[in-house]
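Colleague: In case you want the letters, here they are:
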Amino acid sequence: MEAHIRVNNLNVNYTSEHQALKGINVTIPKHQITVIIGPSGCGKTTLLKSLDRLLDLTDGVSISGEVLLDGVNIYAPDIDVTAVRKKAGLLPQRPFPLPMSIYDNVAYGMRIHNMRKGKDLDRAVQHYLELAGLWDEVKDRLHGPAVRLSVGQQQRLCLARGLAVEPEIILGDEPTSALDPLSAQHIEKRLLELKQDYTVVLVTHILRQAKRLADYVIFMYLGEVVECGPAHEVFENPRQERTRAYLQGLF
Amino acid sequence: MKKRLNRQTLEEAIFKGLAGGAFLIMAAALFFILVTVLVKGLPALNWQMLTQVPTAGYYVGKEGGILNAILGSLYLAAGGTLLALLLSLPIALYLEVYARGTRWANMVRLSMDVLWGIPSIVYGAFGFTLMLALGMRASLLGGIITLALVELPIMTRAMDEVIRLIPFELKEVSYALGSTRLETAMKVVFRQMLPGIVTAMLLAFGRGIGDAASVLFTAGYTDRVPTSLLRPVASLPLAVFFQLGTPYPEVQQRAYAAALILTLIIMFVSLGSRWIAGRLSQNVIK
Chain A
1 MEAHIRVNNL NVNYTSEHQA LKGINVTIPK HQITVIIGPS GCGKTTLLKS
51 LDRLLDLTDG VSISGEVLLD GVNIYAPDID VTAVRKKAGL LPQRPFPLPM
101 SIYDNVAYGM RIHNMRKGKD LDRAVQHYLE LAGLWDEVKD RLHGPAVRLS
151 VGQQQRLCLA RGLAVEPEII LGDEPTSALD PLSAQHIEKR LLELKQDYTV
201 VLVTHILRQA KRLADYVIFM YLGEVVECGP AHEVFENPRQ ERTRAYLQGL
251 F
Chain B
1 MKKRLNRQTL EEAIFKGLAG GAFLIMAAAL FFILVTVLVK GLPALNWQML
51 TQVPTAGYYV GKEGGILNAI LGSLYLAAGG TLLALLLSLP IALYLEVYAR
101 GTRWANMVRL SMDVLWGIPS IVYGAFGFTL MLALGMRASL LGGIITLALV
151 ELPIMTRAMD EVIRLIPFEL KEVSYALGST RLETAMKVVF RQMLPGIVTA
201 MLLAFGRGIG DAASVLFTAG YTDRVPTSLL RPVASLPLAV FFQLGTPYPE
251 VQQRAYAAAL ILTLIIMFVS LGSRWIAGRL SQNVIK
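Chains as they are written, first to last, in the numbering used here: chain A, 1 to 251; chain B, 1 to 286.
Looking at chain B on its own, in the form it has when it is part of the complex (with noise of 0.2 Å):
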């Protein structure tokens, strides 16, 4: 019996080591990136950089700001999500009340997967083959629907996870009480699964707005704010890719400035939905 407790005792030992050096490894690689666009990008944030555009000599070193490449980011990344989220939303309320347990709701699931894995570089050819095809240009909107594109996968199977583990008495009591797989899916599993939906847009959102290659092509770049959907628009991780190609120093400082804001906005956008999610859980059942 001794003996027993003890290969027990070590087989704990060994796996709470390992748990606790990967977590090591995830917090450290965090730490380092946060310290890395701290030190390299504070020095060089002020406010002029988030109110301002590039002036003509912005990339030599010159005066302005990001604040077209912060408003791009942000049109872009809601505007995507909230395209994905007119889609997703129905796709996985249809996957569960309608086509639960088919194996068509399988194949919209593989679909789903295999669009994940594929790269946005792919996503942004696509988009600007198809809007050659339309003759539109490089514009705000082109940059949304692909983004969109992009984050429906994400979104979906984000939601349909969370679908899926809605008990099944919980839609069996609201049809005992003669609603329809309609009222059900809209007025309780859409309610139960709530707090999920806000997390899922979350996920998408950081996806959507951390993205460089699916909008290259498809949003295009300018040094104007954006003012119409059919124009150009510029996004933050362009404004870090084209600064930190600059050969001067300072600007590519604030290349990690720019970055700096893209974290601050991802990690509000966090707290907010966290903040969100947890009020619309209150009445959600365990």
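One chain only, chain A, in its complex shape (with noise of 0.2 Å):
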């Protein structure tokens, strides 16, 4: 298993008295599916947000430890924010197209980083939309706002918007918890074809969906990483009784 994100020492508050993550130690392998469970308010999302220094934007937050990216760390004092940013596709809870056409939104990324410019532009979109599943169903309308789209088609959107920032990471915050059945299943298949290029860190609630997609898994409590390991080490033999607790639906 090759590291492509290690966490050392991790700890975050969001106020003086709330500590959020206590001393967070994990290594996320590259190309492959992480999937971190546990029950609400453990600090599923605060986990996967500090690995983007999205966290950052939260008011009052504190932040110690490293995270390390290819043996970087992105804390440290010298590091350009964007730049750390641009290497992670976000996919959060809710679809959030921005207020732009579906075509607007893909290029988004690439025109504010100069990354493409005119026919270039226009087929890196579709390249984009095509890898995210959504092409056949938007090429009409490439024009028309995003918002007309149905939720389960903006989150696909924001995926395609994601990778044509050319990342190295998707970070997906339970990105199917809004999304009807079917829109979810093609979410799960899009991540399980992107792990080949890319390594996808996911929080979920649910366990079923942890046990089809993951490669890996961190189960989290109460702020603090309580087991992490290959899934099927974790799911089938968990060596903590709290994992075997919250795995049989105790808590």
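Calculated directly from the structure, the hints in this document are not laboratory data.
Wrong hints could be hidden among the right ones.
To be verified - Pair by pair, the computed Cβ-Cβ distance ranges are:
1) B/Ile266 x A/Ile206: 39 to 49 Å
2) B/Leu86 x A/Asp59: 23 to 33 Å
3) B/Lys286 x A/Gln185: 37 to 47 Å
4) A/Asp136 x B/Arg274: 32 to 42 Å
5) A/His232 x B/Glu161: 22 to 32 Å
6) A/Lys30 x B/Thr102: 37 to 47 Å
7) B/Leu18 x A/Gly23: 40 to 50 Å
8) A/Asn13 x B/Ala99: 15 to 25 Å
9) A/Glu130 x B/Ile118: 50 to 60 Å
10) A/Asn9 x B/Ala99: 53 to 63 Å
11) B/Ile266 x A/Pro39: 54 to 64 Å
12) A/His18 x B/Thr102: 15 to 25 Å
13) A/Gly23 x B/Ile118: 52 to 62 Å
Keep in mind the model is a prediction, meaning the values are calculated, not measured.
Note that beta-carbon positions come from the ideal geometry of N, C-alpha and C, so glycine has one too.
Mind assembling these two chains? They're in different frames, but the hints should get you there.
Modeller: Here it is in structure tokens:
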């Protein structure tokens, strides 16, 4: 297993009293799907958002420790935050298209980073929409508003938009929780294909989804990592009592 | 169970009645204003009023029109609104994107609210003092600057309310793509708030074009059509005021006609901006 992201002794506080993450140490393998599971409020999303410094946007947050991306600490003072964020595509809980057309949504990232222009941009937009499995449904209305798409289509648009800035990592924060079963299946299928080329980190509270997708599992409880390891080991032979209880649906 | 249901239906009925009553009072006020302006103003309204400037004897009932005031008001309000937009849009974006949740932002909001409440005659006096210090005379430019100050707090706070409704996640997804704050502000937040900007401009324009006190000293009054930023201009509210103050009934009637023109301008601008806001909101994320 080749490590892609290494988290060393990460502590996160939202206010002085409440500690969201306590001394997290995990390793996230390259080109696999890592699933973070655990009960609500255990810090799953906090851990996910710490991986591309989206956590910095939260008011009153304080972060200590290291997150090493290919060996580079993204919390080091000389790090360009926008460059870090560009390395990861985010799929939020509810899809949020940008207030513009379908085409412009996908082109947005490539335009702000001056990656492509003109015909090249057109081809790239098509490529990423195909990669997200949305091209056939939108090719006739590329310049229509993105908000007119169904929620399931919007989430695939968000996937295409995230892939377009050529990230190495895809972060999903319960990306199927707002979707109907068929759209959810669509997204899951894409993620399974995309792990060939991308490292995928997924937060989910649906155990069945975790079992379908995970190569590697992180189980969190009350801001701590209780157990992590290859999916089959954690699901079949959990070492910790709390993991066993959670998997059996006891809390 | 039955009794509880009755109390609830009674409550519902009372509140429905109150809301309906409030609406009726408001609608009746609007209706009577329109009727008054129409009944008294329409007979005096003619093509000449819209296309000519006052002749020498206009204020004693002779020939002429109020083109000077119509154009003056449009120039003043449009100029003031554009100038206020140049200041309030960056302020509103700054408050949300850079200073979100800080004490500084709340102080700015508080000062805007205080400025909003200051009577426009005070703005007029302030503008006049400023102009005296700068050696300026009453002029279109002076009026535009003073009106911009009157409109600034309204526009900023209206935009601020719109901008604060923008979901955090929308900014988050933009940052997640590696955008800077400026790119997020200009390309995402700005587009999301476009219909709100139009509405804010409409509110400010409405206040600006209807304001008499702030332009009284700063823009002055003239019977000529405005041709220069540095010359005095007439305005419709002052045209109403001066004509209503004459002892001649036919001139007073023209005051109502001027008020009718002012009302129609505001109505057209409102309808137009609603149409524009509707067109702009097709991309907006709900």
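Colleague: Please test the hint of 22 to 32 Å on the beta carbon pair from A/His232 and B/Glu161.
Modeller: violated, 53 Å
Colleague: Return holds or violated for the Cβ distance of B/Lys286 and A/Gln185 against the range 37 to 47 Å.
Modeller: violated, 26 Å
Colleague: Falls inside 50 to 60 Å, the C-beta gap from A/Glu130 to B/Ile118?
Modeller: holds, 59 Å
Colleague: Confirm or reject the claim that A/Asp136 and B/Arg274 have a C-beta distance inside 32 to 42 Å.
Modeller: holds, 37 Å
Colleague: For the hint 54 to 64 Å, verify it against the beta carbon of B/Ile266 and that of A/Pro39.
Modeller: Cβ of B/Ile266 to Cβ of A/Pro39: about 57 Å, so the range 54 to 64 Å holds.
Colleague: Within 23 to 33 Å or not, the Cβ separation of B/Leu86 and A/Asp59?
Modeller: holds, 30 Å
Colleague: Quick check: does the Cβ-Cβ distance between A/His18 and B/Thr102 fall within 15 to 25 Å?
Modeller: Between A/His18 and B/Thr102, where Cβ atoms are some 21 Å apart, the hint holds.
Colleague: Lying within 39 to 49 Å: is that true of the beta-carbon distance B/Ile266 to A/Ile206?
Modeller: With a Cβ separation near 55 Å, B/Ile266 and A/Ile206 fall outside 39 to 49 Å, so the hint is violated.
Colleague: Take a look at whether the Cβ-Cβ distance between A/Lys30 and B/Thr102 falls inside 37 to 47 Å.
Modeller: holds, 40 Å
Colleague: Given a hinted range of 52 to 62 Å, is it respected by the beta-carbon distance of A/Gly23 and B/Ile118?
Modeller: Holds - the Cβ-Cβ distance for A/Gly23 and B/Ile118, about 55 Å, lies within 52 to 62 Å.
Colleague: Return holds or violated for the Cβ distance of A/Asn9 and B/Ala99 against the range 53 to 63 Å.
Modeller: Violated - the Cβ-Cβ distance for A/Asn9 and B/Ala99, about 33 Å, lies outside 53 to 63 Å.
Colleague: Verify the CB-CB distance for A/Asn13 and B/Ala99 against the hinted window 15 to 25 Å.
Modeller: holds, 23 Å
Consistency note: the structure conflicts with the earlier hints numbered 1, 3, 5, 7 and 10.
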